[in-house]
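Q: Using the hints, position chain B against chain A.
From first to last, the protein sequence lines are chains A and B.
My numbering numbers the first residue of the first sequence as 1 and each following residue consecutively.
My numbering numbers the first residue of the second sequence as 313 and each following residue consecutively.
Simulated from the structure, these hints should not be mistaken for laboratory data.
From a predicted model like this one, the values you see are computed outputs, not experimental measurements.
One or more of the hints may lead you astray.
[As the list claims (entries may be wrong)] Selected chain B positions facing chain A (Cβ under 10 angstroms, derived; list incomplete):
hint, residue
1, 323
2, 353
3, 495
4, 523
5, 524
6, 567
7, 579
8, 585
9, 589
10, 592
Positions of the beta carbon are idealized from the N, C-alpha and C atoms, including for glycine.
For reference, the chains in residue letters:
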Amino acid sequence: MPLLSPLLTLTRVSRDFDVSAPWLNRVIERQPRRTLRAVDDVSFEVAGGETLALVGESGCGKSTVARLIVGLYAPSAGHVEFRGRRMQMIFQDPYASLNPRWRVKDIVAEPIKLLGTKAKIGDMLMQVGLSPDDGEKYPHEFSGGQRQRISIARALAGEPDFLVCDEPTSALDVSVQAQILNLMSALQERLGLTYIFISHNLAVVSHIADRVGVMYLGRVVELAPAAELFTRPRHPYTRMLLDAVPDLGMSGKPRTPVGGEVPNPLAPPSGCAFHPRCPHANERCRREQPQVIDNVACHAVEERRINLAAQS
Amino acid sequence: MILDIKNLRVEFPTRRGTLVAVDDVSLGIAPGEVLGLVGESGAGKTLTGLAIIGLLEPPGRIAAGEVRLEGRRIDNLPHEELRRVRGRRIGVVFQDPLTSLNPLYTVGEQLEETILTHLPLSKSQARTRALSLLREVGIPAPEARLHQYPHQFSGGMRQRVVIALALAAEPSLVIADEPTTALDVSIQAQVIALLKRLARERGTAVMLITHDMGVIAETAQRVAVMYAGRLVEIGPVREVIHSPRHPYTAGLMGSIPKISARRDRHLAQIEGAMPRLNAIPPGCPFNPRCPRRFERCLVARPHLVPAGASQAACWLHAAP
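Chain A on its own, in the form it takes in the complex (with noise of 0.2 angstroms):
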């Protein structure tokens, strides 16, 4: 269903990467032209205020999808559409996205320097967790946790209503994760603030989002409201990768193995791109690709052949 008034729509967005060998070499050894579609027919929309999170594994694309919306990389086909009033990025490592020269409050001024915004240095750094002294000191003084609510700080300073959040929490300690986490849920109540999150952590995605997208081999397989993905899981790659999830309840439930590993992306199979590793694969499944049909693009959903009684 069309949400009302979206922020931010990608409308079949693709995107290709040249991976050709160098032109001497096509010509000498006659090979032809490769390219790699990293992100393939992407189709998502999100609301004010909420937070969509895209979770896979590596490799499925869901950095490019990122970086397609913040303009990083132009799409090869399909468009980004935003209506929001401005965007900003955090990375995940928050070692390399820190100028180790600048003091810290050079950094968080950045972007109010560029966009002419007004917002006290000290406050900003308030609003993370940070105290306004902070500011002189240089990044290498700060913990990997205090480096990231630095990042979360800079962001902020340009005043946006759209976070893209690759992998925020990736780098950090569990215990500094709770802390990373608890504070971007507070300060999207406080300001209001529209989230993408990309991660490839099902737990912390089950904390932190509102609506999840799986995305394999890129393209999104499936698309649910958080709370029904976690209990109602559809598509076979979702069951897989919840079922993949370590246990911490010991509850010594039995786990189905998980066989196999993300295809190559340079030579994806025929057909549904999950096919290989599926369980429920049959003919159709290995000659054509599944349309997206109510957000889960499984040719065994749609002629439910799958049981989708809740899990656990």
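A: Leaving out everything else, chain B in the frame of chain A:
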């Protein structure tokens, strides 16, 4: 006990004084047992592993305590002898499989070399053994894979090769330092299952070093929790996860996001951060962040005492 560590202390002398990275750590691992060693970055878990295998980077050194492998003391062995013991009796698996494999040799050559160095076998016997190792760690078509180079393997398959290498000389102890951290969740589950099966079937003692409580819950029988270089709690996995006795363990367990349908936005969090090694507070190292501290915690260092089925280094559990 296959491995028995007593009062291990690792120090790094620096110009500004000596840093104690591992402080008075004692633990043991029985045959076939998987012991999890958890802690956040800088807690000293990796250094504990390196100290056991004698691979501490100078100036780091074992300043006190002893390490026994199958009853024999190994921390004071001469360099060459320790190298032999390490190669023969201890297998090591690191986080990044690429750093443990030589890109210039085929996987078969690396396995055979390791086997021939440590076991009295002929070349053809070594090849047979290399094949059966690859088969055992679940690599499909091992005959063909034997002739391939590490870069031709995917991340999960590479980690399997590293595990096969670690097992090549039939070690009695395997030390696995974050073996699943670089892998995707679906591959992670496969590697966990493999480690568990190896411990069970071969009677190998496994020390599983990780920051991921979920991996420990799935794999280990007992778990030791480290904080600021010290053991703060050790006990059966189920006990430590369901009824943590040390406030740090309790905070750590609370801060792990869990999948639940009912979305609870607020995670329990431990305020502050782990102290740096040059600023470990007196008394209990956790006291500045502890919600349950009292006077004694500020002045006296707690040692491990029985607490339920576990042991915890916390004054809450000490006899009054």
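Q: Compare the structure with each hint and give your call.
A: The hints, checked one at a time:
1. Among the interface hints, the one on residue 323(B) is violated; its C-beta lies about 23 angstroms from the nearest C-beta in chain A, farther than the 10 angstroms criterion.
2. Contact between residue 353(B) and chain A, as hinted, is supported at the beta carbon level, the nearest pair being about 6 angstroms apart and thus within 10 angstroms.
3. For residue 495(B), the interface hint holds, the least distance from its beta-carbon to any beta-carbon of chain A being 9 angstroms, beneath 10 angstroms.
4. For residue 523(B), the interface hint holds, the least distance from its beta-carbon to any beta-carbon of chain A being 6 angstroms, beneath 10 angstroms.
5. Proximity of residue 524(B) to chain A holds as hinted, the smallest CB-CB distance being about 7 angstroms (cut-off 10 angstroms).
6. Look at residue 567(B): its Cβ gets to within about 3 angstroms of chain A, closer than 10 angstroms, so that hint holds up.
7. Restraint check, residue 579(B) versus chain A: the minimum CB separation of about 4 angstroms is within 10 angstroms; hint holds.
8. Here the hint on residue 585(B) is kept, as its CB sits about 5 angstroms from the closest CB of chain A, short of 10 angstroms.
9. A cut of 10 angstroms between beta carbons decides the hint on residue 589(B): the least distance to chain A is about 13 angstroms, and the hint is violated.
10. With a least beta-carbon distance of about 15 angstroms to chain A, the hint placing residue 592(B) at the interface is violated under the 10 angstroms criterion.
Taken one by one, the earlier hints fail for this structure at numbers 1, 9 and 10, listed in ascending order.
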